[in-house]
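Undergrad: What follows is each chain in one-letter form.
Protein chains: 2
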Amino acid sequence: MKQEINLHKNEFLEELMEFLRIPSISALLEYKNEVNRGAEWLKASLIKAGLENAEVIETDGHPIVYADWLHAEGQQTVLVYGHYDVQPADPLELWDTSPFDPVIRDEKIFARGATDDKGQLFIHLKAVELLMEKHGTLPVNIKFCIEGEEEIASPNLAPFIHEQTDKLAADTVLISDTSFIEKGLPAICTSLRGALALELQLETANTDLHSGSYGGGVPNAVHSLVRLLNSFHNEKGEVAVENFYKGVPELTDELREEVGNIPFDEEKTKRELGLDALYGEEGFSFQERTGIRPTLEINGIGGGFQGEGLKTIVPSKSEAKISCRLVGDQDPQEIYRLIEKHIEVNTPVGSRVSLNQLVHANPVSIDSTHPDLQKAADAYEKVYGVRPLFPKEGGSIPIVEVFARVLGAPVVLMGFGLNSENLHAPNEHFHIENFTNGIETVCEYLQSL
Amino acid sequence: MKQEINLHKNEFLEELMEFLRIPSISALLEYKNEVNRGAEWLKASLIKAGLENAEVIETDGHPIVYADWLHAEGQQTVLVYGHYDVQPADPLELWDTSPFDPVIRDEKIFARGATDDKGQLFIHLKAVELLMEKHGTLPVNIKFCIEGEEEIASPNLAPFIHEQTDKLAADTVLISDTSFIEKGLPAICTSLRGALALELQLETANTDLHSGSYGGGVPNAVHSLVRLLNSFHNEKGEVAVENFYKGVPELTDELREEVGNIPFDEEKTKRELGLDALYGEEGFSFQERTGIRPTLEINGIGGGFQGEGLKTIVPSKSEAKISCRLVGDQDPQEIYRLIEKHIEVNTPVGSRVSLNQLVHANPVSIDSTHPDLQKAADAYEKVYGVRPLFPKEGGSIPIVEVFARVLGAPVVLMGFGLNSENLHAPNEHFHIENFTNGIETVCEYLQSL
Chain L
11 MKQEINLHKN EFLEELMEFL RIPSISALLE YKNEVNRGAE WLKASLIKAG
61 LENAEVIETD GHPIVYADWL HAEGQQTVLV YGHYDVQPAD PLELWDTSPF
111 DPVIRDEKIF ARGATDDKGQ LFIHLKAVEL LMEKHGTLPV NIKFCIEGEE
161 EIASPNLAPF IHEQTDKLAA DTVLISDTSF IEKGLPAICT SLRGALALEL
211 QLETANTDLH SGSYGGGVPN AVHSLVRLLN SFHNEKGEVA VENFYKGVPE
261 LTDELREEVG NIPFDEEKTK RELGLDALYG EEGFSFQERT GIRPTLEING
311 IGGGFQGEGL KTIVPSKSEA KISCRLVGDQ DPQEIYRLIE KHIEVNTPVG
361 SRVSLNQLVH ANPVSIDSTH PDLQKAADAY EKVYGVRPLF PKEGGSIPIV
411 EVFARVLGAP VVLMGFGLNS ENLHAPNEHF HIENFTNGIE TVCEYLQSL
Chain S
11 MKQEINLHKN EFLEELMEFL RIPSISALLE YKNEVNRGAE WLKASLIKAG
61 LENAEVIETD GHPIVYADWL HAEGQQTVLV YGHYDVQPAD PLELWDTSPF
111 DPVIRDEKIF ARGATDDKGQ LFIHLKAVEL LMEKHGTLPV NIKFCIEGEE
161 EIASPNLAPF IHEQTDKLAA DTVLISDTSF IEKGLPAICT SLRGALALEL
211 QLETANTDLH SGSYGGGVPN AVHSLVRLLN SFHNEKGEVA VENFYKGVPE
261 LTDELREEVG NIPFDEEKTK RELGLDALYG EEGFSFQERT GIRPTLEING
311 IGGGFQGEGL KTIVPSKSEA KISCRLVGDQ DPQEIYRLIE KHIEVNTPVG
361 SRVSLNQLVH ANPVSIDSTH PDLQKAADAY EKVYGVRPLF PKEGGSIPIV
411 EVFARVLGAP VVLMGFGLNS ENLHAPNEHF HIENFTNGIE TVCEYLQSL
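Line by line, the protein sequences give chains L and S.
Residue numbering for the first sequence follows my numbering, beginning at 11 and increasing consecutively.
Residue numbering for the second sequence follows my numbering, beginning at 11 and increasing consecutively.
Each statement offered as a hint is correct.
With a straight-line Cα cutoff of 27 Å, these simulated DSS-like cross-link-like pairs (lysine-lysine) come out:
no. : chain 1 : residue 1 : chain 2 : residue 2
1   : L       : K193      : L       : K280
2   : S       : K42       : S       : K58
3   : S       : K193      : S       : K278
4   : L       : K19       : L       : K385
5   : S       : K246      : S       : K351
6   : S       : K177      : S       : K58
7   : L       : K327      : S       : K327
8   : S       : K246      : L       : K246
9   : S       : K351      : L       : K246
10  : S       : K144      : S       : K12
11  : L       : K327      : S       : K246
12  : S       : K144      : S       : K58
13  : L       : K12       : L       : K144
14  : S       : K280      : S       : K118
15  : L       : K327      : S       : K280
16  : L       : K278      : L       : K118
17  : L       : K12       : L       : K58
18  : S       : K12       : S       : K118
19  : S       : K351      : S       : K256
20  : L       : K118      : L       : K193
21  : L       : K144      : L       : K58
22  : S       : K246      : L       : K351
23  : S       : K327      : L       : K280
24  : S       : K278      : L       : K327
25  : S       : K327      : L       : K246
26  : S       : K327      : L       : K278
In silico contact screen, one side only, chain L against chain S (beta carbon under 8 Å); selected entries:
no. : residue
27  : E291
28  : I311
29  : G313
30  : V359
31  : H434
32  : A435
If you are wondering where the hints come from, they were derived from the structure by calculation, not from laboratory data.
Glycine is no exception: its CB is placed at the ideal position from the N, C-alpha and C atoms.
Construct the complete structure from the given sequences, taking the supplied hints into account.
TA: In structure tokens:
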């Protein structure tokens, strides 16, 4: 297929750039119309690829886009999942070029969503399109189920999957929304951390107060928040919420070896990211901390006067966003209750805290010896000349666990991104080489099933 | 004068509202023209009051407005100081009416700057105007020196005072920029806390990172800031910066009694401000904590994602604004060095901190037995029917210490505000009764000198 891909490369990239120009930010209400536009664009593109029964399915949130081609009688059915929504783009001032005006530089395409997940998702559309063009048919039955709410934790896809088990029934679920170990070294992820996210608002008074007249004599909403948030970790970098680690798998020598096999270049990572030092739970390696250990991270904080110059107030309000990554048998709802209790116990006197749960997702594990995963590894090897590794990924794709459980099918996490591609950050990009090689790999894989 | 004041009341209020409509926010660069407009308006108003030699004097920052009347041969010279600049108005959403569109409600005038300090300053202009109108002359020589940078700690007034000691020479400095104990109970402040303000920026990486891929394995700029800021206070509510309390006067029984004599209604304060509890340094009363003890307050904090919804990042940048109130022999520059050292020692591994000093001011004490202060007390007593108290104020008016030291004159802090008037906060207002009684009190005072 290499030849066909090269022939179409510029045309495919033009189309992908069109997709990336749509600011389909699911988290921000004011982008609702753009998310809808993304869904319609995707539907048209699926039809162009040769898929049938394409529809934009409304939900209580953003729509799901579905299409299929089911004429490979007696053959396996593959369900392709992906998402057309993207993360917010701020801080805008740190982007070298506009996030929704894609540009190609150094054989990379720069835009919000380039690697997460529009670029990776588009690989599957183009693989199907090329196979159809070349053979007039497909080697397998295929279904596309693409959502617009992955970046806000898929609140409407899970119920949809539960309701539409017949429509979605498949032998394999195929997803490209993960990363290589490093450039040239592909990976099939076999574990995803679960997630829990919440926001917290703290209040001490009904108005900000003059720090001269009241300073030193009344609670300060930023002091209280700082004290409360600081209580979430101890000096060893461990999460200090009582019973937080219940359900976390014991770190056996075998697991430690498996995780240790995934290469990690500490000096390179520090250099590239501008880190003076790594940091985390004492007694664990970077791969363990980010792959198989749970975390609690503050994602944002705000309170008091943040403008230019000076405002000598005692702040009356503050807030924080917190998210956890969970592993093993940690249950997000139970962790939420533990955090709630921790906050109750640790909130300083004179502060009122309100809590709001944003998302929750269970951790998931996939058996790397399953034939569908091994065939995926073969396809990578043919294209990239190297057999992929089976790492345990630190991120969460909440819906993977639901697909695996409800459809009872193995999930093949056939990623084509790189961790260095600034996903969720300014200057997100996608390597064009992995876009074209990705199309070839997916073609190989579908033909091998 | 009561009669004359009543005759002119509506006209004076109209003029004050005109003054309040000018958003002369000194802290925000984009308001530079408005600050200039405030200065020109004030100059015209001083001329209207009968003052001479009125000028708008340019500085490296915002202008100083000067005017005088020096024909009371053989009489004392009084220098009136005030400021025509105001605090920023945010958070705008908490104002019931627009901050720069003054309205009168329940015999109060609502606007940013109503009490701090345009309303209080305007009392002096109108007192002079009425005395001139009635007698065609003034009982004392008078100079007005009004600045536009008080809310940013007077960076250009101090050098001006040093350079213009002849121009500003006076027997008494008269300032109305402080508050009553409570409605109906006036106060002449005899102590002001010094101040030191700084901003702090913390960085861990050159970009925000995905909390799935990196969470738990790299430093988090919000965690680091939270840990660092939490180290500034201990469990007793004391400032934990080494040697911070050096130079703080010992709390003698006499001082404790003096401070304790100033009435304070804890339940009323809590109810009015929506406080569940008071909080501060262990072993001290509210009056002591806010009047004669030093403080370190975080005025604002920010970092990571603060938008609507969720963004699962490990933040790479965070920042905070901090200010101290200082007492006794605490030297702001020395305190800055102690804080710098504290930050050096307490910054978590993997975090880089940069520091920027915003303002500094020395504490000041004024002798309440000085005849000029006693005459001021007499004037209050005549108008309000009650002798004022001599409290030690928690706020800072940095220039007071400079006036006292450079001009060698007693400073009479003849305030007409109320602490409940939301200075530096939304819905700032000024009681019209204190505006009119204030004019009468100042007339009485000037005539008594």
